Amino acid sequence: MSLSKKIALAAGLATSFIATTAMADDVRIALVVKSLGNGFFEAAARGAEEAAGELGGVEIIYTGPTDTTAEGQIEVINSLIAQRVDAIAVSANDPDALVPALQKAMDRGITVISWDSGVAPEGREMHLSPSSNALIGQTIIKLAADEMPDGGQVAILSATSTSTNQNIWIEEMNAVMGDYLNIEVVATVYGDDLADKSYRETQGLIQTYPDLDAIIAPTSVGIVAAAQAVADAGKIGEVNVTGLGLPSEMAGAIESGASKSFAIWNPVDLGYATTMLAYNLATDAATAEVGAEIGMGRMGTATLDDNNEAAMSTPFKYDASNIDEFKSVF
Amino acid sequence: MSISDTALRTIPNRLHSRGYRLIRSWEVLLLGVAILIFFANTQASPYFLDPWNLSDASFNFTEKAMIAFAMALLIITGEIDLSVAGIIALSSTAMGYALQLGAGTPTLVLIGLSVGVLCGAFNGVLITKMGLPSIVVTIGTMSLFRGIAYIVLGDQAFNGYPSDFSVFGRGYAFGVITWEIVIFVVLAIGFGVLLHLTNFGRKLYVIGNNPTAALFSGVKVQRTKMILFLLTGLMSGLAAVCLTSRLGSTRPSIALGWELEVVTMVVLGGISILGGSGTIVGVVIAALVMGMVTFGLGLLNVPGIVMSIFIGGLLIGVIALPRLIGLIAAQRKR
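Those sequence lines, one after another, are chains A and B.
Take the numbering used here: the last position of the first sequence gets the number 330, and nothing is skipped along the way.
Take the numbering used here: the last position of the second sequence gets the number 334, and nothing is skipped along the way.
I should point out that these hints are in silico values taken from the structure, not numbers from a laboratory.
Just so you know, these numbers come straight off a predicted model, no measurement behind them.
One or more hints might be untrue.
[To be verified] Here are a few chain B residues that face chain A, going by a calculated C-beta distance under 8 Å: (1) R24; (2) S25; (3) E27; (4) Y47; (5) S55; (6) T107; (7) S249; (8) R251; (9) A255; (10) F295; (11) G298; (12) N301; (13) S308.
Glycine included, every Cβ here is placed at the ideal spot set by N, Cα and C.
Turn these sequences into a full structure, and let the hints steer you where they fit.
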């Protein structure tokens, strides 16, 4: 084959490639994640595709840098601006550094929202959190209470005593303790988000409170260590470990029965809801303003607060019925 | 073979003509690759040939190229500086700290550049005065410089840089030409002149090819290397100013992993990693190639990991190709 023929063939292939990938009328929504190759975000992309299928005429561009760097995300955002996508939904590696690039996107008429990990308010139209502090606080005590119908004693294994998130969640949990009058919180200990310290603190709890019914660990490190300590102490069936954890790390504990259930956001729902919001904003079906209620399909509606932020739902409950489906995801 | 045979043979000064060497040169090969990639990009995406898009995309390489120019000189002398990204982090942190104390734009720039030079001096003293190997020292200072940034900032960020500070990373000189492109071009010419047209530049090749011979020829080897470490520090400081200005904020993770991209750029540009050869033109073309590949693949929404594989493959391919051609040529002659 002569060189000119080769070039012509390559050009022809390239053109047909463009023709098949880009449909002019599609609403193109870019789901920009912290880094590719992360099961959590892969699952979110599946949710986004689900939403796209439901909406019709939506193309999802699932993209992100290789490393979790702001610079990498800026390069990705620049190339999305160049492609004139309709919406960018980003889980940010840095709330501040992305602002100039995202402002440029908004200047060029692109809808910009953040989800999961937020961007500073000036760099996006709205932010969708997977859940809210209040919903998390309510969920962790409900998970424990559901397994102890006759009431009893629970203890909390937190991260560090200065962990902002954990402290707020515990505070929110205490705020609803009035609904669980037969449950007594006997102690709060701190495992510092270290596996070995969390393990020792759990051993201490088991020894100090022989009648303990549940341990709530609102930290993914603590909950795994606590479940291990309970299993090693032969207390499976007596002490139920629950809280916030990752399905991949908790699969063993669910199987052994050391943990009956735990919670964390569902990435599939998050990707789905994000896509629905981006679509509604990009097609001008809704406007991101304080107090606005924007539809999220099967996830209900998102209500924007004073910072144009919204929470999706209560954390998703994982137990023996669905752990196998999610343990390979994240 | 008789003695008379050898006596008849003339040994030319150069094996090949100037034109032949030019065609076979690394820079021409790389330019061919660049043109090929440019053409492929125009065919692959309708958005590639847009002046504004290209202008936006130039940020992919301009800051890294600033450091790559200085790194090229360093590698030619047989040294290396892997702490450049760490210097950016520390320099940016220092600027952020000064900002909190109320520094204005000129002071911020001065601080950014000075911290870069100081870091370069620290590397330089350890390497040239104490005779430690540069790869070991700079692997150490890579963590040291960034570590200080982490101690100062933790998971916090400095932001609120003044609006006139944003000119370096977001300002346009004229039309679609950003100030970073202007800096890139000026530095390319400056470093090109320094390396190829001055006495200083010639000495770098001598040092890289044979440091002992250079020393005995009266070249101040250690002093020259010290200057290059200072220069690399200064360029890292400059990149820190531009990057901080572009991001509008400082985090300790800023420019993470850039040292490898800078070294890739230099090696792709035809600077021998063993020292002693290479040109600035090559580095300029390599910067353009890397920028175009990243942007072109980005337009096709190719995942970053595939991009890294592509750049890695390109690097190995471009390095292996001349060696391969040489081997085949040698086989034929036999």
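These are the hints, each one checked on the structure:
no. : hint : result
1   : R24  : violated, 20 Å
2   : S25  : violated, 22 Å
3   : E27  : violated, 22 Å
4   : Y47  : holds, 5 Å
5   : S55  : violated, 10 Å
6   : T107 : violated, 21 Å
7   : S249 : holds, 4 Å
8   : R251 : holds, 6 Å
9   : A255 : holds, 7 Å
10  : F295 : holds, 6 Å
11  : G298 : holds, 3 Å
12  : N301 : holds, 5 Å
13  : S308 : holds, 6 Å
Checked against the numbered hints given earlier, the structure breaks hints 1, 2, 3, 5, 6 and satisfies all the rest.
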